[in-house]
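Modelling step: build the complete structure from the supplied sequences, incorporating the hints.
Numbering (UniProt numbering), first residue to last: 1 to 134.
In short, the hints are calculated from the structure, not lab data.
Hints may be right or wrong, so weigh each one.
The calculated lysine to aspartate or glutamate pairs, modelled on DMTMM-like cross-linking and capped at a C-alpha distance of 25 angstroms, are [said to hold, decoys possible]:
| # | residue 1 | residue 2 |
| --- | --- | --- |
| 1 | K82 | D133 |
| 2 | K10 | E130 |
| 3 | K27 | D67 |
| 4 | K26 | E81 |
| 5 | K101 | D20 |
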Amino acid sequence: MRSLNQKATKTFLKLVDGLDHVGANKKIDNAAGAFMPVCVEIIAEPSQFRNGCFVVAVTHYYESNGDLVTDPEVTFLVTAEKTVFPLTFEQGGVCYRVAAKIENGKIMFDKAAQRDLALFCNDWMANIAEQQDF
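So, in structure tokens, the structure goes:
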């Protein structure tokens with residue numbers, strides 16, 4: 001399974017800095033409205049991985065007819081060693097793609113889809129770093 005590259009991992013770890021339990025979240029908006037804020041939340045701590053792994057959702061939102069719409073939302077598995085693996089991608093309820101999932105204590109993944117998602121996330125993290133002045 002493909003992880004984020006070193007530069008993207010550095011940005012990702014800045015995003016999750018200070019979040020330490022399921023439900024912990026924050027909104028980062030260092031761009032004074034020029035770009036969409038980025039929202040980060042720890043959404044799970046898989047019980048089958050007892051070594052400090054957790055799942056994080058990173059999301060941009062926009063408002064449409066009073067509803068918040070993801071643009072996009074990506075979930076990531078973060079290991080105790082701080083290796084970051086993209087799992088799923090959702091674009092505004094129109095597109096939802098599972099590249100990898102945790103099932104019965106094992107990580108199941110579509111090699112091509114997960115690789116493509118990791119490549120996208122490397123670019124996305126570079127954009128977030130630039131937009132949020134990291």
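Hint by hint, here is what the structure shows:
About 22 angstroms separates the Cα atoms of K82 and D133, which keeps this hinted pair within 25 angstroms; it holds. A threshold of 25 angstroms between alpha carbons decides the hint, and for K10 with E130 the separation of about 13 angstroms falls inside it, so the pair holds. About 17 angstroms separates the Cα atoms of K27 and D67, which keeps this hinted pair within 25 angstroms; it holds. Between K26 and E81 the alpha-carbon distance is near 22 angstroms, which keeps this suggested pair within the 25 angstroms criterion.
Proposed proximity of K101 and D20 is supported: the alpha carbons are some 22 angstroms apart, at most 25 angstroms.
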